[in-house]
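Work out the full structure: start from the sequences and follow the hints.
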Amino acid sequence: MNLNVLIDSHVLIWALYEPSKIGKIAQKLLMTDREVYCSTVSLWELTLKYHKKKLPYSPDELYIGARELGVEILDLKGEHVRALTSIDTNHSDPFDRMLITQAARESLLFMTADKTLLELNMPFIRKASE
Numbered sequence: 005m006n007l008n009v010l011i012d013s014h015v016l017i018w019a020l021y022e023p024s025k026i027g028k029i030a031q032k033l034l035m036t037d038r039e040v041y042c043s044t045v046s047l048w049e050l051t052l053k054y055h056k057k058k059l060p061y062s063p064d065e066l067y068i069g070a071r072e073l074g075v076e077i078l079d080l081k082g083e084h085v086r087a088l089t090s091i092d093t094n095h096s097d098p099f100d101r102m103l104i105t106q107a108a109r110e111s112l113l114f115m116t117a118d119k120t121l122l123e124l125n126m127p128f129i130r131k132a133s134e
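5 is the number of the first residue of the sequence shown in our numbering; add one for each residue after it.
In short, the hints are calculated from the structure, not lab data. Treat the numbers as computed from the prediction; the structure is a model and nothing was measured. Note that the Cβ used here is the ideal one computed from N, Cα and C, for glycine as well. Hints should not be assumed to be uniformly reliable.
Said to hold, decoys possible - Label-pair restraints from in silico Cβ distances:
| hint | residue 1 | residue 2 | range |
| --- | --- | --- | --- |
| 1 | K32 | R86 | 26 to 36 Å |
| 2 | S24 | G82 | 34 to 44 Å |
| 3 | R86 | S24 | 31 to 41 Å |
| 4 | N125 | L88 | 25 to 35 Å |
| 5 | D64 | E22 | 18 to 28 Å |
Spelled out as structure tokens, the structure:
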């Protein structure tokens, strides 16, 4: 099965501005014949960071950059929100919980370097820095 990939917020930043942070295994996974997605949830999270002056990249830069890389935008759907309770995590970050739920609901691999998420040991979560 050739699963498509949802990338975490920081993986989008790496892909656009620091591609050397993405590990060789992850690069190979992203370079195959797979669709790569970024969630509107990630774009929202990064927009909030931009407005708090914690991120130098504007929402337009991120969106346009993602599209130029061929990254598809995955919209948040009502069914994703409804499925939040079906994913059993103690993770408190609402953005991360939503991204995990979207990946699970859409049968996508989820690429992240977030140690807390990787420790969930969910079979669809992949390490971005390897």
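### Query
Looking back at the hints listed earlier, which ones does the structure fail to meet?
Violated hint: only 4; rest satisfied.
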